[in-house]
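Enquirer: Respectively, the protein sequence lines represent chains A and B. My numbering puts the first residue of the first sequence at 978, with every later residue one more than the last. My numbering puts the first residue of the second sequence at 407, with every later residue one more than the last.
Hints in this document: simulated from the structure, not taken from any laboratory. The reader is advised that the hints may include incorrect statements.
Stated by the list, open to error - Here are the simulated BS3-like cross-link-like pairs (lysine-lysine), alpha carbons at most 27 Å apart as the crow flies:
id, chain 1, residue 1, chain 2, residue 2
1, B, K512, A, K1150
2, B, K636, A, K1176
3, B, K460, B, K512
4, A, K1176, B, K471
5, A, K1254, A, K1210
6, B, K517, A, K1066
7, B, K471, A, K1150
8, B, K512, B, K463
9, B, K562, B, K589
10, A, K1176, B, K589
11, A, K1150, B, K460
12, B, K636, A, K1066
13, A, K1276, A, K1254
14, B, K460, B, K562
As the list claims (entries may be wrong) - In silico negatives: residues of chain B with every beta carbon more than 12 Å from chain A:
id, residue
15, R453
16, D498
17, E503
18, Y510
19, F582
20, E633
Only a predicted model underlies this, so the values are computations on that prediction, with no experimental measurement involved. Each residue gets a CB set at the ideal place from its N, CA and C atoms; glycine is no exception.
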Amino acid sequence: MTLMTELLINVTNGLLWGTVLGAVSVGLTLIWGVMKVVNLAHGESILLGSYIVSVLLLFMGVDPMVGMFVALGSGLLLGLTIYWLNLHKIIGHVDVINLRIEMSTLLEMFAVSIILYNLYSFFTRSEPFGIGIWHLGPTSYINIGYMSVQVNHITAAALSLGATFIIYQFIAKTPTGKAIRAVMQDSQAAALVGIDPVKIKMLTTVISIGFTAFSGFLVILYESAVVPSIAYKYAPLAFTIVVLGGLGSIMGSYIAGIIIGGIYGVSKVIFSLLVGKNASDPLALTTAFVILVLTLLFKPEGLFGRKR
Amino acid sequence: MDVLRLDNIDAGYGESQVLWGVNLSVREGSVTLLLGSNGAGKTTTLRTITGIIKPWKGHIYFMDKDISMYPTYRRAEDGIIMVPEGRRLWPDMTVYEHLEMGAYTKRARDKFSDNLEFVYQLFPVLKVRRDQLAGTMSGGEQQMLAIARAIMGDPKILLMDEPSLGLAPSIVIQVFETISQLKERGMTILLVEQNVHMGLSVADYAYVMENGRIVLEGPSEEVSEAELIKKSYLGI
Chain A
978 MTLMTELLIN
988 VTNGLLWGTV
998 LGAVSVGLTL
1008 IWGVMKVVNL
1018 AHGESILLGS
1028 YIVSVLLLFM
1038 GVDPMVGMFV
1048 ALGSGLLLGL
1058 TIYWLNLHKI
1068 IGHVDVINLR
1078 IEMSTLLEMF
1088 AVSIILYNLY
1098 SFFTRSEPFG
1108 IGIWHLGPTS
1118 YINIGYMSVQ
1128 VNHITAAALS
1138 LGATFIIYQF
1148 IAKTPTGKAI
1158 RAVMQDSQAA
1168 ALVGIDPVKI
1178 KMLTTVISIG
1188 FTAFSGFLVI
1198 LYESAVVPSI
1208 AYKYAPLAFT
1218 IVVLGGLGSI
1228 MGSYIAGIII
1238 GGIYGVSKVI
1248 FSLLVGKNAS
1258 DPLALTTAFV
1268 ILVLTLLFKP
1278 EGLFGRKR
Chain B
407 MDVLRLDNID
417 AGYGESQVLW
427 GVNLSVREGS
437 VTLLLGSNGA
447 GKTTTLRTIT
457 GIIKPWKGHI
467 YFMDKDISMY
477 PTYRRAEDGI
487 IMVPEGRRLW
497 PDMTVYEHLE
507 MGAYTKRARD
517 KFSDNLEFVY
527 QLFPVLKVRR
537 DQLAGTMSGG
547 EQQMLAIARA
557 IMGDPKILLM
567 DEPSLGLAPS
577 IVIQVFETIS
587 QLKERGMTIL
597 LVEQNVHMGL
607 SVADYAYVME
617 NGRIVLEGPS
627 EEVSEAELIK
637 KSYLGI
């Protein structure tokens, strides 16, 4: 296999994975960018969706294409619970969210993260758990020219694109979406026109965690099986992507996700030449965090964020 | 009939009291002016009326209903709409989105097209700039948008907090022309202004505030003749 072919294959796979990363980051950019809730339980919210789809398939034979809606629903419920149990007393007011409040949400969500993580570990005994060889259609691989791509990866990319388009349109076009943006930009001005900022914050939490759990379905499509520690792979990547895309920007996060996926593909090829195939994966992931440092140094508002 | 009545209001921030027994009422269809120097408590009065802060003591009546403990958004639903100090627009939202959000409440949504037509007639520039982001407009245009957003809320009482602050003289004149037009249309307005001359010329009734207390009130012709006003504000 020539270097060129290898590069093409890795970049294609990287970009496909990037669409999953993008969708995984959209929920975080909403909760963090709009409400200043530093959701340290983001990885665990993703895993909820992954586990729901898997449990439904393995124990009840529910098709994952149906299961994904249950994943979404369970995420909405988790969001509702987290809002009333953990966040309402911190962010449930009209005033502007300051850094002290932001740090309180961080600690609060850290607690949620530990609880969920240990629940997952307890119930799965930390063993891989997933949808195995389930795939859409008769074959699990399709050949595109020089390479073969997993059907599940293409399904994940298509669903991620569709879901992100829907939530983007929701925020851009619907009255509720506009109210969310108004509360994000000036919640007091929003209250003065008759928007209830507390209700909007609750709704945004619910939508954000719901979408995140849905993206957990895309993760399980990509990974086939998950262990609880995969939260520590996806959550930091999501934080990086949200910063790169610009806090609060859905389109920015999605595009940044695809960019990070593409860069991962390229750096994987480079590192496999330098240090061999086995060591290349963690090094390629490290590239993402080098990009985080560079973004914070040279473009702290992100690619699509507003200069403040 | 009084649209709004403040009955013996005490209010403040944290430990420090700003308002001391404020009594104030606004008659339907009138322009009422609230005068006072910086730190006299004018903005705090408006914030108490809109519910951004809650009164420590006393009652606020709107259409004879006690609204003292209503949250801000409920008061907007009832028709208490404010043009806040410093405009407080949403910088990343377009002009048209501001007008849509101004009419967020059910009551205002029902009159959306009428109010939109009126707003475009008042400020034709907003129709031309409908797709522009508010953050990229000039100060004068932003003030017009802030007033337009409030009108879209179909106010039963319009509170205006220093609408002429920081604007070029020609724009200030335009803002006061707008206030006269709103008055002609029968809108009830409570105006807070530092520009005493302009304020008194458009107002029917005026209150003067000092150190969080109302020290003088009366029809604006009488108030403009008062010694206190001549000395402290008009420099005569």
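Enquirer: So, for every hint listed, does it hold in this structure?
Expert: Against the structure, the hints:
The hinted pair formed by K512 of chain B and K1150 of chain A meets the criterion: a straight-line CA distance of about 18 Å does not exceed 27 Å. In summary, the hint linking K636 of chain B to K1176 of chain A is not supported, as the alpha carbons are separated by about 49 Å, beyond the 27 Å threshold. A C-alpha spacing of about 25 Å is found between K460 of chain B and K512 of chain B, which places the hinted pair at or below 27 Å, so the restraint holds. Annotation: proposed proximity of K1176 of chain A to K471 of chain B holds, straight-line Cα distance about 25 Å (limit 27 Å).
Under the criterion of a C-alpha separation no larger than 27 Å, the hint pairing K1254 of chain A with K1210 of chain A is consistent with the structure, at around 19 Å. In summary, the hint linking K517 of chain B to K1066 of chain A is not supported, as the alpha carbons are separated by about 36 Å, beyond the 27 Å threshold. Taking the CA atoms of K471 of chain B and K1150 of chain A, the gap is about 36 Å. The hint is violated against a cut of 27 Å. In summary, the hint linking K512 of chain B to K463 of chain B is not supported, as the alpha carbons are separated by about 31 Å, beyond the 27 Å threshold.
For a cut-off of 27 Å, the pair hint linking K562 of chain B to K589 of chain B stands: about 12 Å separates their Cα positions. Under the criterion of a C-alpha separation no larger than 27 Å, the hint pairing K1176 of chain A with K589 of chain B is inconsistent with the structure, at around 35 Å. Among the hinted pairs, K1150 of chain A with K460 of chain B is inconsistent with the structure: their alpha-carbon atoms are about 34 Å apart, more than 27 Å. For the proposed pair K636 of chain B and K1066 of chain A, the alpha carbon gap of about 50 Å is over 27 Å, so the pair is violated.
For the suggested pair K1276 of chain A and K1254 of chain A, the alpha carbons sit about 33 Å apart, so the restraint of at most 27 Å is broken. Restraint check for K460 of chain B and K562 of chain B: the C-alpha separation of about 21 Å stays at or below 27 Å, so the hint holds. Residue placement check: R453 of chain B does not keep its beta carbon more than 12 Å from all beta carbons of chain A (closest about 10 Å). Listed as outside the interface, D498 of chain B is inconsistent with that label: its C-beta sits roughly 6 Å from the nearest C-beta of chain A, within the 12 Å cut-off.
Interface exclusion of E503 of chain B from chain A breaks down, the closest Cβ pair being 6 Å apart, not more than 12 Å. Y510 of chain B, annotated as away from the interface, has a beta carbon of chain A within 12 Å; the closest lies near 5 Å. With a least beta-carbon separation of about 22 Å from chain A, F582 of chain B lies farther than 12 Å from that chain, consistent with its non-interface assignment. Chain A leaves E633 of chain B outside its interface by the beta-carbon criterion, the shortest separation being 37 Å against a cut-off of 12 Å.
Of the numbered hints given earlier, the model fails hints 2, 6, 7, 8, 10, 11, 12, 13, 15, 16, 17 and 18; all others are met.
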